[in-house]
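> What follows is each chain in one-letter form.
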Amino acid sequence: MQKEEIYQKVSNTLVEALNVDETEVKPNSTLQGDLGAESIDFLDIVFRLEREFGIKIPRGELFPESIFQGDPEMVLNGRVTARGIEELRSKMPFADLTEFVANPDISHMSDLFTVDLIARYVEGKLAASKA
Amino acid sequence: MRWIWIDRFTEFRRGEFARAVKQLSLAEEVFTAHFPGYPVMPATLLLEGLAQTGGILVGEANDFREKVVLAKIAKAKFQGEALPGDEITFETTVLYIRPEGAAVRGRVLANGAELGEAEVTFAHLDQARSQQMFGEQNFVFGGFLKDMLKTLIK
Chain A
726 MQKEEIYQKV
736 SNTLVEALNV
746 DETEVKPNST
756 LQGDLGAESI
766 DFLDIVFRLE
776 REFGIKIPRG
786 ELFPESIFQG
796 DPEMVLNGRV
806 TARGIEELRS
816 KMPFADLTEF
826 VANPDISHMS
836 DLFTVDLIAR
846 YVEGKLAASK
856 A
Chain B
749 MRWIWIDRFT
759 EFRRGEFARA
769 VKQLSLAEEV
779 FTAHFPGYPV
789 MPATLLLEGL
799 AQTGGILVGE
809 ANDFREKVVL
819 AKIAKAKFQG
829 EALPGDEITF
839 ETTVLYIRPE
849 GAAVRGRVLA
859 NGAELGEAEV
869 TFAHLDQARS
879 QQMFGEQNFV
889 FGGFLKDMLK
899 TLIK
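Chains as they are written, first to last, in the numbering used here: chain A, 726 to 856; chain B, 749 to 902.
These aren't lab readings, by the way, just hints derived from the structure by calculation. Note that the structure is a prediction, hence the values are computed from the model and not measured. Some hints could be false.
[Claimed, not checked] Straight-line C-alpha distance at most 35 Å; calculated DSBU-like pairs for lysine-lysine:
#1 A:LYS728 x A:LYS855
#2 B:LYS825 x B:LYS894
#3 B:LYS823 x A:LYS728
#4 A:LYS816 x B:LYS823
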């Protein structure tokens with residue numbers, strides 16, 4: 726499947742799950758901030774992605790539930806440490822951390838979850854299933 | 749009155765499908781105020797009946813171990829009204845049951861004719877660490893809700 730097709734299907738999935746207009750869904754739209762997603766919506770999104778792309782998404786793989794587990798070596802004074810960033814990279818290799826690394830404020834973590842992130846995740850899963 | 753908006757199950761396939769019926773009676777409290785001189789079943793309570801049918805369906809699939817609670821209703825559409833004397837049928841088909849929650853596609857019929865539909869999503873409370881808040885006892889299925897399956901006449 727081509728990148729454009731994957732992106733389009735991911736966009737359609739989010740339109741369905743979040744009941745937003747297609748025009749509101751842009752590559753860098755954040756799920757919670759821009760598209761109004763709530764925790765229960767993540768469940769819906771995972772189910773629809775599995776069905777749309779024929780992939781299996783284990784719990785916590787796309788939307789990690791507790792990456793840092795309150796570990797002070799990973800989050801200190803509301804900022805993610807270098808060790809925490811490494812943990813983030815390993816748990817979410819499909820995430821674009823460039824902006825976050827510049828200002829690793831824990832309260833901005835939800836901004837990582839964009840439409841693009843989901844598309845990259847799906848690309849990775851499809852590629853892995855072919856290997 | 750008990751907060752039960754279905755009367756009896758008429759079909760039940762574990763983890764797949766459940767159908768329940770409810771007879772609307774003018775004697776029910778809800779019609780007093782909704783509306784005086786024009787009794788009509790609130791669509792919100794039809795959705796509640798759908799949620800109870802679906803909630804028992806997904807709850808039973810895990811032997812009522814999970815605290816299944818209504819979390820989200822999507823795409824609810826109704827094309828008519830349900831009136832006292834109508835027989836309401838609730839049909840729920842499982843879309844998915846996962847550790848964190850479940851969803852069903854629901855249909856509401858009045859006297860056999862399609863009246864409305866909605867997608868109903870449930871959360872499994874304990875999977876979100878609620879055991880710390882709500883304790884061991886399953887308060888969702890602790891009472892008569894679990895016994896509703898006994899109404900199924902084969």
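> Hints first: check each against the structure and report whether it holds.
For each hint, the structure was consulted:
no. : hint                : result
1   : A:LYS728 x A:LYS855 : holds (15 Å)
2   : B:LYS825 x B:LYS894 : holds (28 Å)
3   : B:LYS823 x A:LYS728 : holds (30 Å)
4   : A:LYS816 x B:LYS823 : holds (34 Å)
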